[in-house]
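J.: So you can see what is in the structure, the chains are spelled out below.
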Amino acid sequence: MAKIIVVTSGKGGVGKTTSSAAIGTGLALKGHSTVIVDFDIGLRNLDLVMGCERRVVYDFVNVINGEANLNQALIKDKRVNNLYILPASQTRDKDALTRDGVGKVLEELKENFDYIICDSPAGIETGALMALYYADEAIVTTNPEVSSVRDSDRILGILHSKSNRAERNMDPIKEHLLLTRYHPERVAKGEMLSVDDVKEILAIPLLGVIPESQSVLNASNSGCPVILDEESDAGMAYSDAIERLLGETIDFRFLTAEKKGIFKRIFGG
Amino acid sequence: MSLLDYFRSSAKPTANIAKERLQIIVAHERKQRHGPDYLPQLKQDILEVIRRYVSISEDQVSVQLEQKEDDLSVLELNVALPEERSA
Ligand SMILES: Nc1ncnc2c1ncn2[C@@H]1O[C@H](COP(=O)(O)OP(=O)(O)O)[C@@H](O)[C@H]1O
Ligand SMILES: [Mg+2]
Numbered sequence: 000m001a002k003i004i005v006v007t008s009g010k011g012g013v014g015k016t017t018s019s020a021a022i023g024t025g026l027a028l029k030g031h032s033t034v035i036v037d038f039d040i041g042l043r044n045l046d047l048v049m050g051c052e053r054r055v056v057y058d059f060v061n062v063i064n065g066e067a068n069l070n071q072a073l074i075k076d077k078r079v080n081n082l083y084i085l086p087a088s089q090t091r092d093k094d095a096l097t098r099d100g101v102g103k104v105l106e107e108l109k110e111n112f113d114y115i116i117c118d119s120p121a122g123i124e125t126g127a128l129m130a131l132y133y134a135d136e137a138i139v140t141t142n143p144e145v146s147s148v149r150d151s152d153r154i155l156g157i158l159h160s161k162s163n164r165a166e167r168n169m170d171p172i173k174e175h176l177l178l179t180r181y182h183p184e185r186v187a188k189g190e191m192l193s194v195d196d197v198k199e200i201l202a203i204p205l206l207g208v209i210p211e212s213q214s215v216l217n218a219s220n221s222g223c224p225v226i227l228d229e230e231s232d233a234g235m236a237y238s239d240a241i242e243r244l245l246g247e248t249i250d251f252r253f254l255t256a257e258k259k260g261i262f263k264r265i266f267g268g
Numbered sequence: 000m001s002l003l004d005y006f007r008s009s010a011k012p013t014a015n016i017a018k019e020r021l022q023i024i025v026a027h028e029r030k031q032r033h034g035p036d037y038l039p040q041l042k043q044d045i046l047e048v049i050r051r052y053v054s055i056s057e058d059q060v061s062v063q064l065e066q067k068e069d070d071l072s073v074l075e076l077n078v079a080l081p082e083e084r085s086a
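Each protein sequence line maps, in turn, to chains G and S. Here numbering that gives the first Met the number 0 is used: the first residue of the first sequence is 0, the next is one more, and so on. Here numbering that gives the first Met the number 0 is used: the first residue of the second sequence is 0, the next is one more, and so on.
Heads up, some of the hints might be wrong.
Unchecked claim - DSS-like, lysine-lysine: derived pairs with alpha carbons at most 27 Å apart: (1) Lys103/G <-> Lys93/G; (2) Lys11/S <-> Lys188/G; (3) Lys10/G <-> Lys18/S.
By construction, these hints were calculated from the structure, which means they are not laboratory data.
Throw the hints in and build the complete structure from the sequences for me.
T.: Given below as structure tokens:
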């Protein structure tokens, strides 16, 4: 049975697109046929993060409007088997996504894929509501910072009340907490909320903790999802999250400040 | 921590303040979410009625609905009236 997973947050800039790219790619690497759908209408960016921006011909809204079929709009990843991207359109029309239109496209995708990853736009308006409406699972992407945590809690409220599963009294959406841009050093100094703090406040199971990392910037600079950078801390942290998403129980890494040599200790670094 | 950081970081760590504030606001907002959709409007209407008699501000009225048991909810209305100024 195909699964629809929304990567959502409320707040912008917390790492949804980065995470959608990494998680979609990670699932495909594990042999599951996967499509990542960009719901950020008007602000298409998943294509850049995935490095396929020059191959976009048709988009999500074209498919909804019947101007193209799915096969014409889907972009096949050149690095990983079984991985596709459905780009967002650049239209400014806020009502381009309709519930019926989105539902039909998702139904068709379900026939061909194991996982459908929905990269949500920020906010709690139409785009974000559409991205989460049909979800079976939600990856609530959160930074250890007050406004992000509060917005994540609001999104949890919306998942509980305004999703298809909630409206039809089906089993609730399965929720996962993904903590991103984590600075263990700052947490150690008491300057930043810790994993445990955020877990306690949001009270949903922890899927992963992604450290703040230069490797994420390198990855987006070169259009290559960070999970393919297997040496990087962020890449490994996303791989761990994939294992957990697939049901494994594994230890969390990168939660404590790395020990610095005496030189760095004195002179900083 | 480097020596430089040591001298720079004279400010107190603030993560615990963040946590406390979040716990309060999140608990508050969750309570409101569980209320029926008409609650905010009900509060506005009540406020309006009271204002016909005394002038009060929005934060002096609190309206809360609490589910006591499966088939019993209690609507709690709290109005802080300003001190009576006798002539
Ligand atoms: N773990 C991380 N370490 C460093 N930078 C990150 C990390 N995660 C995201 N970023 C950066 O944060 C910015 C916003 O990320 P993005 O994935 O576009 O967020 P969103 O889709 O939620 O708006 C980007 O510049 C991205 O490179
Ligand atoms: Mg994004």
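J.: Hint by hint, say whether it matches the structure.
T.: Verification of the supplied hints:
Simply put, Lys103/G and Lys93/G have alpha-carbon atoms about 19 Å apart, close enough for the 27 Å limit, and the pair holds. Annotation: proposed proximity of Lys11/S to Lys188/G holds, straight-line Cα distance about 10 Å (limit 27 Å). Between Lys10/G and Lys18/S the alpha-carbon distance is near 18 Å, which keeps this suggested pair within the 27 Å criterion.
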